[in-house]
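Okay, here's what each chain looks like letter by letter:
Number of protein chains: 2
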Amino acid sequence: MRFNEVLKDVSTYEAGKPIELVVREYGIDSKDVIKLASNENPYGTSPKVIAKIQELAKNMCLYPDDSMYELKDALAKKYNLESSNIIIGSGSDQILEFCIHAKCKKDSKILMAKTTFAMYEIYGKHVGAEIIKTNSEQHNLEEFSELYKKHGADIIFLCIPNNPLGECLDKNDVYEFLKTIDKNTLVVVDGAYQEYAAFKDEKKRICPKDLIDTFPNAIYLGTFSKAYSLGGMRVGYGFAQNEIIQNLYKIRAPFNITTLSLAAAIEALKDEEFVNDCISKNFEEMKRYEEYVTKKGFEYIPSYTNFITIKFGDKYVSKEVAQKLLERGMIVRDLTSYKQNAIRVTIGKPEQNTKLFQLLDEVLQNL
Amino acid sequence: MRFNEVLKDVSTYEAGKPIELVVREYGIDSKDVIKLASNENPYGTSPKVIAKIQELAKNMCLYPDDSMYELKDALAKKYNLESSNIIIGSGSDQILEFCIHAKCKKDSKILMAKTTFAMYEIYGKHVGAEIIKTNSEQHNLEEFSELYKKHGADIIFLCIPNNPLGECLDKNDVYEFLKTIDKNTLVVVDGAYQEYAAFKDEKKRICPKDLIDTFPNAIYLGTFSKAYSLGGMRVGYGFAQNEIIQNLYKIRAPFNITTLSLAAAIEALKDEEFVNDCISKNFEEMKRYEEYVTKKGFEYIPSYTNFITIKFGDKYVSKEVAQKLLERGMIVRDLTSYKQNAIRVTIGKPEQNTKLFQLLDEVLQNL
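Residue numbers (full-length UniProt numbering), protein chains in the order written: chain A, 1 to 367; chain B, 1 to 367.
Hints listed in this document are in silico derivations from the structure and should not be mistaken for laboratory results.
These numbers come from a predicted model, not from an experiment.
We put the CB at the ideal spot given by N, CA and C, even for glycine.
A few of these clues could be false.
The following label-pair restraints were derived from C-beta to C-beta distances [stated by the list, open to error]:
id : chain 1 : residue 1 : chain 2 : residue 2 : range
1  : A       : 152       : B       : 214       : 29 to 37 Å
2  : B       : 84        : A       : 349       : 36 to 44 Å
3  : B       : 67        : A       : 202       : 38 to 46 Å
4  : B       : 114       : A       : 175       : 46 to 54 Å
5  : B       : 337       : A       : 48        : 36 to 44 Å
6  : B       : 140       : A       : 213       : 49 to 57 Å
The following block holds chain A by itself, in its conformation from the complex (with noise of 0.2 Å):
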């Protein structure tokens, strides 16, 4: 059968590998696996939140409220915007993928950093995009800023910080550097990671409605998945000006989130203390990180997330030493098929992250 011929060019994304595999795998029982692979909140979804989806687990048959007046309402009251500001999608890829479809078509023009989200890429190469990319691992807005003029883009993307390596642009360069771009290409400003960010360092914040009332072309993309613990239900949100939200409302689905979903991120937004007290510890563990790898002689980069990037140089193969820990029930994520030689660990709890360093310890010593 014919397919579209942009297909032949797309690759799936390589999903972190989940508990239940090392189960099948491996034979070690899931109670024994620690996973630090996919950023996921290492201290576990809000108590709060746990039982609200207790109690309304008898609504799984009912369809969720597809205007989400209430969870973009409570948005709204927190960033201080109106709900017309704001779609909902399923995770914040889902919304990016909604922004590639509303102004990308074959040989459309995408810019982004060399080593960022994957998805980025793969949903440009649906839409048949050109896809232009950095020399520079990390975001160099100068590099962006020459690309941009020789290229022009539909769309740029801005990971802030960036995933899969943590580190993050100062908001007044993204500032400095949306000044000079044209209000026909939409900028997004992935912030799945901004609480993180803003937290660490405050020059890292990005206030999304001083954002988007300063450059309405731009677009920030929000997440329920990291900070807010709820990884699994799969919530994100964007904020923009409402001629934006209108068009992505044209692509979005009727019934993109569930109603199990939409109810754990209505009541996660009313359990702050739980979220900052997750990013403070997680930035205490980050320490013990960087002493470990300090230690050993490997490179870190300086992260603002809820990971960190190991880099091996060329001591050991991120590949080998990521299969090795795999094979000891503890998952991170290689970084190869980002063409780094390096892998990513999600920042645990501090009995994980003490057991990852032993692990590591052992299979170093081995390899």
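Assemble the complex: chain A is given as a structure, and chain B must be docked to it using the hints.
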């Protein structure tokens, strides 16, 4: 800002009104609102599934197993297929979206019945495809054949049984039609309500394995939203030859269903007794609708689903009837947007149906 031109012609799907909206707009207590508008299973979700989700609610922070190994394995066993014949979607809606994006681009042709599931056309317009519809409201395969000979088609949609009208093609007629279709045309057999149709009349039963073995250009879509009582959890599936599945997989985003949706679907498949019991009650109650409508002198379309379409002819205006019912806390689906002077009513529980008859009597007397 400029957006893709095809979006100018895109309208958004009008979802059934949620209970929350009636509570907000008419100040009616949520426990007094009855929703017979979205073909949700009125008997709720299986208690076994509810218990499982309450147990697993703590896993909301974890991404799902993106291979969906266990769910695909269970579906493969039930339908005598291989896992490689299966793709899971956020509702079967999402899989029909995948089909359109895999096969169609601007000016591709999509053939469908005049009055059928609205998303076929909406997704088609997202890619700028040409929508070709039969003159007959209900599925008429002779007209499909004539139009196919005249125009060809990249995709043909057959909704068996048909939403929102309720009629259902015979399996043998579908097979005769499929024999005449070119192998490069993808035929989507949307079986969202097949469990109901097959229960009522064996001649309507489509066996997915036999369908895709006989016609390698066909894909069968099923859902957990209707008979399996998980409308709010957004889980559907597509069965096809692996060549088709592989291409749809290129378009699927990772983690396209939630962790709890995956668990709920797996558990729901284990409780077929609940499903059969609900379907049996559905057709018992449908008899009451047929008697009521006949007594009132209206027409209905004999239905192979969990809803019934009631036509008001020149006696009443369906939009007014639906609105007056809404103000009394009874939500039904007005079909004006489908160009029908009719309402579609989900077959509810006995007491809900009794209430609908009472309120409809009251409303019609005052119109």
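Tested hints:
no., hint, result
1, 152(A) x 214(B): 29 to 37 Å, "violated, 50 Å"
2, 84(B) x 349(A): 36 to 44 Å, "holds, 38 Å"
3, 67(B) x 202(A): 38 to 46 Å, "holds, 41 Å"
4, 114(B) x 175(A): 46 to 54 Å, "holds, 53 Å"
5, 337(B) x 48(A): 36 to 44 Å, "holds, 40 Å"
6, 140(B) x 213(A): 49 to 57 Å, "holds, 54 Å"
Hint violations for this structure: number 1 only, all remaining hints satisfied.
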